[in-house]
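In order, the protein sequence lines correspond to chains A and B.
Taking the numbering used here, the leading residue of the first sequence gets 1, the next gets one more, and so forth.
Taking the numbering used here, the leading residue of the second sequence gets 1001, the next gets one more, and so forth.
Hints listed in this document are in silico derivations from the structure and should not be mistaken for laboratory results.
Heads up, a few of these hints could be off.
[Said to hold, decoys possible] Listed below are the simulated DSS-like cross-link pairs for lysine-lysine, each with C-alpha atoms no more than 30 Å apart in a straight line: (1) B:Lys1506 - B:Lys1379; (2) B:Lys1122 - A:Lys34; (3) B:Lys1127 - A:Lys146.
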Amino acid sequence: MTLSKKVVLLGHFGVGKTSLFRRFVDNEFSEEYKVTLGVQIKKKVVTLPDGRELSMIMWDTEGHSDSVEDTRKSYLLGSHSFIYVFDLTREETYKNLNKDLEYLRSNYKKVLIKVLGNKLDLVNEKNTTARLKELEIPFDVLTSAKTNKNVQDFLTNLAEEITV
Amino acid sequence: MENYIEQLQFHQKTQVIKISQDGVILETDTSLFNWKKGNSIYEAHPFFEILRSFTEEPGEQSALNFPCIHLENDITDDERICDVSIVFQGKEITIILYDYTEKYNELNQFAQQKNESILLSKKLELKNKYLLEKEEFKNSFIANINHEIRTPLTSILGFIEVLEKTKLTFEQEELSRIIKRESKHLNALIDDMLDISKIESGTLKVVEERFSFGELIDGFKESYQKVAEENGIIFETQIDDAIQEYLIGDRTRVFQILNNVLNNAFKFTEEGKVSFSISKNYQRTNKLSLTFKIEDSGFGIQEENIPHLFDRFTRFDTDKQITGTGLGLAIVKNLVDLLNGEIKVSSTPEKGTTFIIKLPFKFEVTKKAATERKKKKYKLPAGKKKFRILVVEDEEITQYLVMKILISQGTFFVDIAINGEEAINYIERRTYDLVIMDLNVSKHDGFQTTHMIRNNYGDKYISEVPIIGFSGKADEHARDKCLRSGMDDFIAKPFEQEELLYKITKQIAKKAAD
């Protein structure tokens, strides 16, 4: 039987959730910014190292403008993982990150949370990493949906982690 | 409930689907999607996978609402944006899709515009920040590379001066003259690069200072008369006597403008003459405007080239023996603009070129303005035979050069410290008449070391010792920074032997007079 896990992309508007969603599912990228209203859902089937198949049901949600608490609660129901995406070029997309993570951790205790800084192609990685450390911003990976840097590896690792 | 669902089934924007607990479609209409009875709802769209978590682990929920769900029909490629209600009734589950595609698409347009404008302003902000960072990097790169080039150049020019004072054969003299000329050219090139970079970044500041206009012009007369004699051409000057001896303006930049244009006139004139005239354009209260006319009988410039004369890296001559960077006139034009002046050029090929430059100045209206200040001459105090100088410098060649120049005078003892810490050790052990302090030494830089000397000691032989800053970063800020940090003077690398000795003598003499 195919395993099925729900993964929800969260974060401010314009951080690149839809671009990552398209990279994850179809390995495509477009420069055009198209706002997401509500939620788009697609399935990505991943083969795990043990040969099993995992259906990752990816939910690309509408970006919030202030806090993750603004995201509709029904979208988060039954989730196995949250990918909190922020934009490395816009500090306002991660200044409330710690508060948002605290909210998610206390309300969705069983959900695996990953933090991803996107748009790596627009910044200097070394300086940005230092700046994030200075601001005490936790993150799991820095990616570029545009260049595909770290995107597929992140997805593979996530697939393994949520099936453990 | 039954009635409500029946009513909805007739609404064209609604679809009602009944499924079993294992996801098999039991009943459905096809108002929105052509899903078939008997098929699995999980195959219809991945959204419905959400049902697995409720059917596998049944909870207490009786109804759930999911607004604004994008549902695509893979076969027709049709996308609808629906609000989805899921109602749990015993072993049956009813799904109701409300199609609000039009309403959501309208909302989408507003959201798109709003978000786009915010993202655009952030993008512009980021671009601006990036450009500023790039500019900062470029400036610091140029400043650093300038320092790196000037340091060996200081040694080359300094050692040539030392070499020229030794007994040389005619051939050796000629070779040393070529090395000196080329080194000076390289130095001028670095100056040009720095100026262009400052002009571009807007960091070139106009300085208003009182200076001897007569002395400035006499300098041109003297040096270009020599060039004229060497080249076998005539140099004529005509200066309006009514021009004040002392003017207020940016002496350095005025010198640079006139020197560049005069230099070009001589460079491109093989026979005939170069004439240089200065006249008063107008004078009101404490302001005046001067017209500088530099006319040569040289190669001239083709008419079509004149509009490009002030572009960067422009050279029209094909004669490779005439050296130049192609930056000189671009700098002249920028400097004239910066000083609120104007520059015009007219030329006839094979007959010559005329540059007319108008520059504004101020002058002092008091009587003392006409007299005063020539470069004061200083002598080392008579009471002492030898003076002890500490040179704080980490570059071995510069150490050697300064030592060679000073020791050859026969009036100086020299100690060398290679960093700030060592300088402090020397200062504590010996009394010095003067310190030459490189600004970029390690373990306490020149500024920190000066601060320690000035503030940490009660002994005035230490705390009041004259200090001359020494650096390859030859901009106006370096001098100001040195004076503000407690140093008494500043020497830019590469330096001339005469300047080094003049400044050392001046500071020692001033200290002795105090």
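Check: CA of Lys1127 (chain B) to CA of Lys146 (chain A), is that 30 Å or under?
Finding: Since the Cα atoms of Lys1127 (chain B) and Lys146 (chain A) sit roughly 18 Å apart, the hinted pair holds (cutoff 30 Å).
Check: Has the given pair, Lys1122 (chain B) with Lys34 (chain A), been kept, meaning a C-alpha gap of at most 30 Å?
Finding: Given that 30 Å is the threshold and the Cα spacing comes to 16 Å, the pair holds.
Margin query: Lys1506 (chain B) and Lys1379 (chain B) were given as a pair; does the straight-line alpha-carbon distance stay at or below 30 Å?
Written below: holds (7 Å)
The structure agrees with every numbered hint stated previously.
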